[in-house]
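Spelled out from the first residue to the last, the chains are:
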Amino acid sequence: MNRLNQLPTLRIDPAEKRTLSYRGKSLPGVAGDTVATALFANGVRIFARSLKYHRPRGLYSLDGECANTMMDVDSIPNVRTENTLLKNGMVVKEQNVKGSAEFDWMGFIDKFDWMMPAGFYYHTMHKPAAVWPHAMKQIRKAAGLGEISPDYVMRGRFDELFLKADVTVVGGGAAGMRAALAAAEGGLRVVLLEARPHLGGCFDYRVSDNGDGTPLYQRARELAEQVAATTNIRVFTHAPLVGTYSNNLITAHQVGSDSDSFTERYIEIRSESIVVATGCIERPLLFDNNERPGVMQVGCAHRLARTYGILPGKQAVFAVGHDLGLEAAIDLFDLGLKIGCVADIREDGQNPDLLMALADRAIPVLKGWVAAKAHGKTVTKVTLTTVEGTVKRDFDCDLLVASAGLTPVTGPFIMAQAKMGYDNHTGYFLPTELPERMFPAGRLTGVGDPRAIEASGRLAGLQAAAACGVSLNGELDAAKAATAALPGPERGCKLVTAPVKGRKSFICFDEDATIKSVKQAIDKGFDVPELVKRFAGVGLGPGQGGIPGHNLPLFVAKYTASSATPKPTTLRPPLVPTFIATYAGAHHHMFKRTPLHKSQKAAGGVFRNIGVWKRARYFSDDFDCREEILNVRGNVGMLDGSTLGKFRIHGPDALKALQRVYVSDMSKVKEGRIKYSAMCNDDGCVIDDGVVVKRGENDYYFTTSTGRAGATVEWIRYHTRFDGWDFHLVNLTDAMGVINLSGPNARKVLAKVTDADLSSEAFPFSGYREITVGGSIPARAMRLGFVGELSYELHVAASYMQAVWDLLEEAGAEFGIRNFGVEAQNVLRMEKCHIILGQESEQRTNLLDVGLGFLWDRTKSACKTVGAVALRQAEKDPNRFKLVGIRMEDDDRPARDGALIVDTKVRGYVATMRKSFTTGEAVGMALVEKPLSDIGTRLEIFEDECNGVRLYARVVKMPFYDPNGERMKA
Amino acid sequence: MALTLTCPVCGKRNGYEFRYGGEDKGPRPAEEGMTPSAWCDYVHMNKCTAGVQKEWWFHRDGCGAWFTTYRDTVANLEVDAPEVTE
Amino acid sequence: MFGKMMPRMGTPKWGQKPLWGRKPRLKSHYDAVIIGGGLHGLATAYYLAKAHGLTDVAIIEKRYIGFGGAGRNTAIVRANQRTQYNVPLYKEALDLWPVLTRELDFNLMFNNCGNLNLMHSEAAMKAARMTIATAQFHGVESHLIDAKEAKALVPALNISEDITFPIHGAMFHPPGGIVRHDAVVWGLAKGCAKHGVHIHQQTEATAIHTENGKITGVTTSRGKIHTPRVLVTAGGYSAGIIYHMLGIKLPISVLTIQAMVTQPLKPILDHVVSSGAYHCYANQTLKGEIATGAHMDPWPNYTTQNTAHYIKHQAEALSDWLPCLRGVKFMRIWGGLADMTPDMAPIMDGNNLIDGFYMDCGWGYFGFKSCSAVGKYMAAFMASGNCPEMLKPFNLKRYENHALMGETAALVSYTPDN
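Protein chains in written order, with my numbering: chain A, 1 to 970; chain B, 1 to 86; chain C, 1 to 418.
In short, the hints are calculated from the structure, not lab data. Treat the hints with care, as some may be off.
[To be verified] In silico contact screen, one side only, chain B against chain A (beta carbon under 8 Å); selected entries:
| hint | residue |
| --- | --- |
| 1 | L3 |
| 2 | T4 |
| 3 | A30 |
| 4 | M34 |
| 5 | G62 |
| 6 | N76 |
Glycine included, each C-beta is placed from N, C-alpha and C at the ideal position.
Produce the entire structure from the sequences given, and follow the hints as far as they go.
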């Protein structure tokens with residue numbers, strides 16, 4: 001097709017050629033084309049088939065409000081080809097067709113619509129029940145539009161931007177640009193978002209003038225230049241808004257151009273105030289076959305010619321309800337389109353200049369007429385009728401430009417929870433109350449006069465600036481006066497539907513919902529738009545409410561003869577379909593690494609996510625960790641325990657705070673000794689355990705479990721928030737690392753790197769000492785017994801951790817020191833029956849259940865210890881769980897963690913169980929109901945996949961290893 | 001929704017920096033003589049007001065302060081001049 | 001053409017009459033009043049009328065039936081809960097879908113495609129093992145499978161090590177799946193109407209009346225009703241109604257929960273797949289959309305507005321474990337209310353604090369999958385005044401007795417008590 005190459009309004013570059021591949025053929029296009037305009041220029045009229053009836057569909061709005069032109073582009077499904085700029089070499093395919101879009105074998109279904117009234121699926125295919133699974137398979141295959149491969153890899157770079165702005169203007173038409181310029185005058189940070197690849201909005205393609213002789217397209221380009229020259233306006237084009245939220249948060253995405261470093265990017269803007277100048281789209285005209293290829297909206301036909309240089313047809317008929325339709329007819333006629341007639345729904349109210357121009361061109365105008373039916377697979381003929389349906393006339397044509405009028409793009413308001421109402425003058429759904437600091441501008445307010453559009457933009461821009469605290473000295477009043485002096489909102493066309501029965505009048509294209517099916521839904525009791533939407537399937541397809549959003553509530557109100565004013569259906573983000581890749585942006589893994597991460601990795605550590613950390617779980621391929629375990633028991637091992645929570649609490653009321661959260665009497669914590677204790681929640685359930693040491697008067701250092709480190713500060717402060725106590729709490733978790741040195745040779749190793757006296761007399765079990773390692777590195781040393789051997793826990797500044805580790809490794813070389821990981825530690829401590837919270841406990845397990853009741857001091861009720869009340873109330877309850885030690889009857893068959901203890905009911909479960917390498921016994925801990933907790937009780941174990949075969953164990957004494965603790969106290 | 005909250009120390013900040021701390025139920029009651037139902041009322045029970053309520057928040061990704069504020073639970077917006085819904 | 005040769009028949013007769021009858025008149029007396037026209041209310045009314053002959057029942061719905069959680073959930077059903085109190089209840093609910101489809105003569109579109117719950121660590125595998133053993137002990141099919149087996153079922157799954165939470169395996173529960181949520185609402189409404197139940201939409205309950213510890217009536221926006229029995233089962237609004245109308249506080253926090261769908265696709269996902277670590281689930285609806293959701297903003301809300309934060313989070317999660325979906329677009333996100341309890345288990349209780357007063361609430365995001373069985377047992381409860389064994393563990397006293405149910409292993413994040 002020959003393009004109209006010389007138009008000053010073009011947004012294509014006819015000199016720069018592009019190609020795309022479609023149905024095995026290479027088709028030409030040019031720079032600036034969208035995929036859809038390039039196909040259209042090559043004669044493609046049927047782009048896709050509809051979801052349910054496989055009706056042919058074509059170019060309709062050019063702004064992607066429906067699925068009509070969604071295609072598969074480069075293996076990406078459901079691409080809105082109208083909004084997607086053509087890139088060289090794109091491979092384009094039709095979707096949802098058997099055969100081709102032109103000849104679709106499934107097209108016959110369109111004849112069977114009468115068998116599928118609204119809610120058809122709910123009444124069929126379930127009798128007999130055996131039919132359903134087969135029917136469902138067919139439904140699934142038939143449903144859906146595009147296809148994605150499970151192996152598909154999305155190429156490209158996805159970026160994200162989080163901006164702060166004083167004023168954000170949504171919509172880069174004349175009103176939006178004037179708003180941005182006005183807001184920027186006071187030096188504010190202004191952001192301007194435009195969905196199309198260029199600024200200009202509805203001025204961009206129009207040659208009518210703005211009252212002073214400047215054509216609108218030229219005026220738009222002037223404004224765009226001013227915007228570009230204003231340094232405090234940041235412009236994002238090809239960046240549709242996708243969401244508005246409360247407190248003026250906006251999200252958008254931007255499509256990168258060839259020269260951008262990103263494919264798409266996610267944009268989130270927190271603004272002080274917002275101007276919404278999103279303009280209007282067109283309200284679809286409802287008549288029979290209103291979505292046939294060859295039927296298109298005014299803006300679509302007009303922009304095809306003016307923006308892309310493509311004449312939309314040869315012989316046209318117009319059926320419109322707005323002056324823009326008349327303006328387009330005149331302009332397109334002048335560009336070479338033959339026009340059989342213009343039917344205007346309105347009896348009167350047209351701009352007389354436009355009527356005169358039509359008369360000058362001998363284009364017949366039928367007032368009070370409307371399209372009744374389009375004929376042909378692609379349009380070949382149209383039947384027009386008076387709006388009452390009394391008279392009909394046929395016209396041959398290949399293009400029917402049809403539009404009931406305009407409908408404002410109010411999504412930004414609706415998503416910001418504005419209350420919406422129906423405006424009788426414009427026929428628009430408009431906000432009745434504006435969200436705070438959000439200002440409407442431009443055509444969406446109902447104005448159509450170009451000067452009024454600009455003036456309303458300037459006014460809104462100034463209002464937005466004023467909302468940011470800019471003082472405007474009368475400028476605001478001047479702008480208000482200027483707006484008031486210009487024509488106000490125009491009266492809109494109110495016709496809901498052409499006078500037809502509506503069997504083929506589509507109110508929603510994407511889900512093939514017709515006027516008839518909406519009537520059926522209402523007759524069945526679904527008499528509000530939100531219910532019709534669900535039952536008949538209206539506005540839930542890929543285009544969401546874009547096509548039916550305005551017409552559905554109007555139609556429902558009419559059909560139910562409701563006296564209430566119509567209310568629009570809800571609209572939800574994203575306003576424009578947005579790639580998951582784009583939303584995800586530049587996301588990356590977020591985990592903390594310990595100071596020893598590198599050397600742990602080098603030592604063969606297998607890492608796992610544990611809470612916010614990466615931790616070495618194993619140092620062997622043998623996931624039972626036999627060597628790691630035996631080395632600790634018989635020799636000496638080292639564990640990186642840096643993920644432990646570490647805190648300092650100090651200040652006059654530090655002790656009081658500890659008394660509040662720890663169950664023990666913390667006043668008994670003595671310098672040089674460690675105190676093991678636990679924290680409960682108000683339900684008495686254990687949430688944390690750890691050790692506390694006193695380093696000075698009202699100055700303590702304490703540890704928490706890895707998982708609780710992040711919540712400890714808020715926990716302690718929460719439970720003391722009414723007390724006004726004076727204490728400081730410092731989270732040292734990242735600042736300090738921890739090395740656990742364990743095994744019978746631990747003392748010998750440590751002695752080689754420190755001068756401190758490590759003898760049991762000088763540094764006994766449960767002792768705390770501050771020592772120097774390697775001559776100069778300070779370390780806080782604790783003698784603990786978590787794994788049940790002689791062990792030292794060294795707390796060292798993170799920056800010294802590697803140095804200390806290396807010293808110990810070197811010192812231990814002669815003993816065969818080696819790493820052990822979290823899993824080995826898990827087994828070692830299990831043999832000692834030392835619990836790990838979350839493993840031997842769950843949310844509802846209290847302090848007494850896990851056998852830690854000895855930690856609880858009942859005499860300190862004045863401290864209002866968290867959990868104490870609940871413990872007192874629950875301690876006599878015979879139905880609670882109790883943690884017990886168990887041993888399998890068959891030592892070669894340990895039960896798996898998580899196996900159930902049962903009789904006729906579930907009575908408990910195995911928390912942790914292993915076959916001990918040390919003792920050769922299959923032992924573990926289980927939470928069981930109290931009556932089953934006596935030593936010697938035989939337990940029946942039900943494991944997953946046991947096929948009825950039960951295992952048996954007995955309750956035995958804890959711990960299983962070194963019951964008197966001689967080894968750890970050595 | 002995009003809640004912002006006003007921390008007494010750091011000012012108005014993104015709501016995701018904070019952690020919710022429950023309806024305001026007053027100071028911790030004395031331990032002595034606490035009945036199970038009084039305990040449960042303090043620990044678990046809520047009024048579930050649809051409207052403005054006084055509630056606790058913690059500035060987790062900020063200064064670490066616990067504070068009370070008023071929020072409209074229907075609009076999910078902090079309220080400046082509160083009139084608590086009963 | 002083919003179509004023209006076919007004899008043209010009229011619209012089938014089920015296509016014409018109102019599904020749940022003409023609008024009923026609000027009477028001044030009913031034997032039972034149910035506040036809340038959601039799934040639990042409809043199901044209870046249905047069974048009251050059908051199984052217990054209590055047909056003089058009114059459902060009072062402020063907006064329209066299915067407006068709340070019933071129409072907002074993502075329709076997943078399963079019976080692989082954690083405790084022995086829950087599993088039998090949900091198992092019965094699962095078994096009831098085909099039965100109800102037949103009884104109601106309404107296609108509820110049960111797709112028992114099976115659920116996979118992904119596990120991302122050895123600890124999670126252990127936790128899954130306990131849940132699986134519990135299911136198997138109660139005769140519910142559920143298995144632990146490894147990552148490769150999961151990949152065989154869900155080819156789009158990313159089982160590489162190079163993601164935030166590498167997949168170790170999954171809990172596979174074949175009998176679960178999805179049911180068309182709207183169909184259940186409308187089908188039950190149809191069944192209710194058939195048995196004489198009055199469904200009053202656009203009718204708000206404004207007060208519940210008691211005398212001498214007994215229920216006497218309900219005031220609505222359309223007039224007063226005398227009744228000896230009231231059930232409050234209004235989803236997210238239950239706790240507020242019960243406190244503000246009767247002064248009974250509940251251990252409930254009402255949170256906004258969100259879900260979203262992508263544009264429709266040809267079949268790509270044959271199962272319901274979920275991941276606790278990613279706070280994310282995904283399944284493909286019969287219409288072809290990928291429905292996904294799970295995360296909640298952890299503070300109370302009655303808004304159904306959604307968040308920018310959440311849709312982004314969801315995209316990040318899916319990018320990791322279902323990476324092919326990066327080339328797919330989100331189309332719609334919406335919010336609903338979840339009334340959460342501290343132990344993630346519901347409260348079903350009644351006829352004790354006030355004679356004739358019943359409550360069925362605290363379902364969080366489990367209300368859909370349980371509705372059929374709960375309707376059956378709540379109806380038995382209301383008809384006899386005696387709590388059936390099945391519902392006894394869900395009593396309100398358990399919180400005061402420090403006997404949380406253990407439906408969640410970990411602490412919940414929306415109360416300060418953790």
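Legend entry - Enumerated hints in conflict with the structure, sorted upward: 5
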